[in-house]
Amino acid sequence: MLKGDIVGVAVLITAVLIVLVAIAVPLRNYYTGKAEIARLNESIAAKEEEKAQLQEDLERYSDADYAKQEARRRLGMMEPGETAWRIIDPRMQGTTITSEHAEDPDADKPWNQILWDSLREVPKEEAEEQAPEPAQPPAETPEQQ
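Take 1 as the starting number for the sequence shown in my numbering and just add one per residue.
Simulated from the structure, these hints should not be mistaken for laboratory data. Check before you lean on any hint, since a few could be wrong.
[Claimed, not checked] Here are the simulated DSS-like pairs of lysine-lysine, each with C-alpha atoms no more than 27 angstroms apart in a straight line:
no.	residue 1	residue 2
1	Lys51	Lys34
2	Lys34	Lys47
3	Lys68	Lys51
[Stated by the list, open to error] Simulated DEER-style distance windows between Cβ atoms:
no.	residue 1	residue 2	range
4	Asn29	Ala64	55 to 61 angstroms
5	Leu54	Ile23	45 to 51 angstroms
6	Arg39	Ala84	49 to 55 angstroms
7	Ile44	Ile23	27 to 33 angstroms
Virtual Cβ for every residue (Gly too), placed ideally from N, Cα, C.
Construct the complete structure from the given sequences, taking the supplied hints into account.
Set out below in structure tokens:
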């Protein structure tokens, strides 16, 4: 009788495992699908916000006053009859206001090399302020006398 009880228990355990596996797979698919739907809903909400922002930008740019304001700000454009004033920094050297001089030694260098060199160079005024004083020779010790 002991053998029959073991077989019965084994069959019962096998049946329970089969039922659990049969339930677990669809349940996992259900929760995975639910998570995917939640993620997609969040994505849709973000896209709708972006669409609303773009619609607002389109409406703003279709306004003539805003377009004029942006043309003035970004492109430096003016209305006919207006006078433009350019303020020149008095610390600039030379009489021309162009960025390239005929005697410029860097005229043949590419722009990125000039930019990199300008970042590495220390201005003369700061270099003089930061330069350490030369060390004084040590005083004669009694052993040297």
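Here is what the structure says about each hint:
Our distance criterion of 27 angstroms between C-alpha atoms is met by Lys51 and Lys34, whose separation comes to about 26 angstroms. Taking the CA atoms of Lys34 and Lys47, the gap is near 20 angstroms; set against the 27 angstroms cutoff, the hint holds. A threshold of 27 angstroms between alpha carbons decides the hint, and for Lys68 with Lys51 the separation of about 25 angstroms falls inside it, so the pair holds. For the hinted restraint 55 to 61 angstroms between Asn29 and Ala64, the CB-CB distance of approximately 56 angstroms keeps it satisfied.
Between Leu54 and Ile23 the CB atoms are about 47 angstroms apart, so this pair conforms to the stated range of 45 to 51 angstroms. For the pair Arg39 and Ala84, the beta carbons lie near 54 angstroms from each other, so the given range of 49 to 55 angstroms is met. Ile44 and Ile23 have their C-beta atoms about 32 angstroms apart, which keeps the hinted 27 to 33 angstroms range intact.
Of the numbered hints listed earlier, not one is contradicted by the structure.
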